[in-house]
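Chemist: Here's the letter readout for the chains.
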Amino acid sequence: MTLGQQLADIVRKMIYHVDYYATYAAKVVQQRADGSLDLIFDHPRIPAMQRVAIRYPFPGASLKVAAGARVLVSFEDGSPAKPYAFAWQSPGLEEVQIGGSRPIARQSDTVVTPVPAGTMLTLQAVGSIPVNIGQAQVMPGTPMQLMVTIGPSLTGSIITGSGVAKA
Amino acid sequence: MSMLALNGVPVIAGYIMIPDEGPWTANLTISTESIGKAAVLESEGGLRMQGSIVSSGDFSGRTKTKIVGGAGNLSMPLPAKHYSQVSAVEPIGDIVRGANEQWSGSAPGTLSHWTRLEGPAGAQLSALAKELDVVWYVDIVGVIHFASLDYPEAVRVPSYEVLSDDKASRVMTLGVDHFWLLPRVTLADRKVRAVVHELDGSGGRTKVFYS
Numbered sequence: 006m007t008l009g010q011q012l013a014d015i016v017r018k019m020i021y022h023v024d025y026y027a028t029y030a031a032k033v034v035q036q037r038a039d040g041s042l043d044l045i046f047d048h049p050r051i052p053a054m055q056r057v058a059i060r061y062p063f064p065g066a067s068l069k070v071a072a073g074a075r076v077l078v079s080f081e082d083g084s085p086a087k088p089y090a091f092a093w094q095s096p097g098l099e100e101v102q103i104g105g106s107r108p109i110a111r112q113s114d115t116v117v118t119p120v121p122a123g124t125m126l127t128l129q130a131v132g133s134i135p136v137n138i139g140q141a142q143v144m145p146g147t148p149m150q151l152m153v154t155i156g157p158s159l160t161g162s163i164i165t166g167s168g169v170a171k172a
Numbered sequence: 443m444s445m446l447a448l449n450g451v452p453v454i455a456g457y458i459m460i461p462d463e464g465p466w467t468a469n470l471t472i473s474t475e476s477i478g479k480a481a482v483l484e485s486e487g488g489l490r491m492q493g494s495i496v497s498s499g500d501f502s503g504r505t506k507t508k509i510v511g512g513a514g515n516l517s518m519p520l521p522a523k524h525y526s527q528v529s530a531v532e533p534i535g536d537i538v539r540g541a542n543e544q545w546s547g548s549a550p551g552t553l554s555h556w557t558r559l560e561g562p563a564g565a566q567l568s569a570l571a572k573e574l575d576v577v578w579y580v581d582i583v584g585v586i587h588f589a590s591l592d593y594p595e596a597v598r599v600p601s602y603e604v605l606s607d608d609k610a611s612r613v614m615t616l617g618v619d620h621f622w623l624l625p626r627v628t629l630a631d632r633k634v635r636a637v638v639h640e641l642d643g644s645g646g647r648t649k650v651f652y653s
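Chains A and B supply the protein sequences, listed in that same order.
Following the numbering used here, the numbering of the first sequence begins with 6 at its first residue and continues without gaps.
Following the numbering used here, the numbering of the second sequence begins with 443 at its first residue and continues without gaps.
Keep in mind the hints are simulated off the structure, nothing from the lab.
Predicted, not measured: the structure shown is a model, and the values here were computed from it.
Everything hinted at is true.
Derived lysine-lysine pairs resembling DSS-like cross-links, with alpha carbons at most 30 Å apart:
id : chain 1 : residue 1 : chain 2 : residue 2
1  : B       : K523      : A       : K18
2  : B       : K572      : A       : K87
3  : A       : K18       : B       : K506
4  : B       : K523      : A       : K87
5  : B       : K508      : B       : K633
6  : B       : K649      : A       : K18
7  : B       : K633      : B       : K649
8  : B       : K572      : A       : K18
9  : A       : K69       : B       : K523
10 : B       : K523      : A       : K32
11 : B       : K572      : B       : K649
12 : B       : K633      : A       : K18
13 : B       : K479      : A       : K18
14 : B       : K479      : B       : K649
15 : A       : K32       : A       : K69
16 : A       : K18       : B       : K508
Partner residues are not named here, just some residues of chain B that face chain A (Cβ under 7 Å, in silico):
id : residue
17 : S517
18 : A522
19 : H524
20 : S526
21 : L553
22 : H555
23 : T557
24 : L559
25 : G561
26 : A565
27 : E573
Positions of the beta carbon are idealized from the N, C-alpha and C atoms, including for glycine.
With the rest of the complex left out, here is chain A (with noise of 0.2 Å):
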């Protein structure tokens, strides 16, 4: 073994830790039940990973993703037991919750949202041409008022909006 190589493997022990500080990019495999991930990286020097949690940059905020989705990977206070997903690259997400329990839509993202019993909906339709809701038909310039006696869910799309998630 040469002098050079010696040091270098001096350097390679003392140094071994210094890579517990930086930032590797990964893809998803799968996301499980409990929200983290199974993880296979770019880099060849870290081994693929599983139940690896997500960290959201404000509380109470989850994420679905799907298969492929790519992230970045970084370990707590540069410790080998406390990886964590934190920044991700298009595509790949599936939902977001931001506190309770209800997903986030987008636009154009299919919705349903539980109607009680005894409410009175305002159906209008936008446009010139009539929609058709069920049997009923809303005609143009003709609000119609429907009162929900069961207690159903409603199915629509988000067409635009804006305003502030809240618990």
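Assemble chain B onto chain A, guided by the hints.
Modeler: Quick look at chain B alone, frame taken from chain A:
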């Protein structure tokens, strides 16, 4: 027998360095050329240590050897591996087996995650020891241990002479008839962190690095 022998061959000069963490090493000069791969160091009436000769060569008509405790494979690079929800025994055992070393088989604690990066086996063991808040070391027969540092009082202490005690650097030099001291004990109210046994033409000394 001389104060120190390597595989039965008297050692002319050199030192054995035994730290409180990691493998012990020795750099020794002997007069014989061929001494094999396995190393047995013996100080009559004192230490008997088993290790591996990792390098040796002729130097001015004598043979200089470098010896390390255990099988000498702790610089071997091992591949990356990840564990989740395991006893600490599992990742330690994998490293030890991967490096063809021996260990006691016990270690405290469990790990919710453990991420072993590709690298030298010794560095991987050090990372685990740090996480478990213990030290790892290779004992005098070449077995790896993971244990806490509690510095029990040294037992069966033979007579020795304190040649010097540098309290600023915390290094004490002992005049000894044979080599006997190991680190991780308390000697004369000092916690012995590392020991260097030295031998030259004037005899043997033991340097004690303490806290």
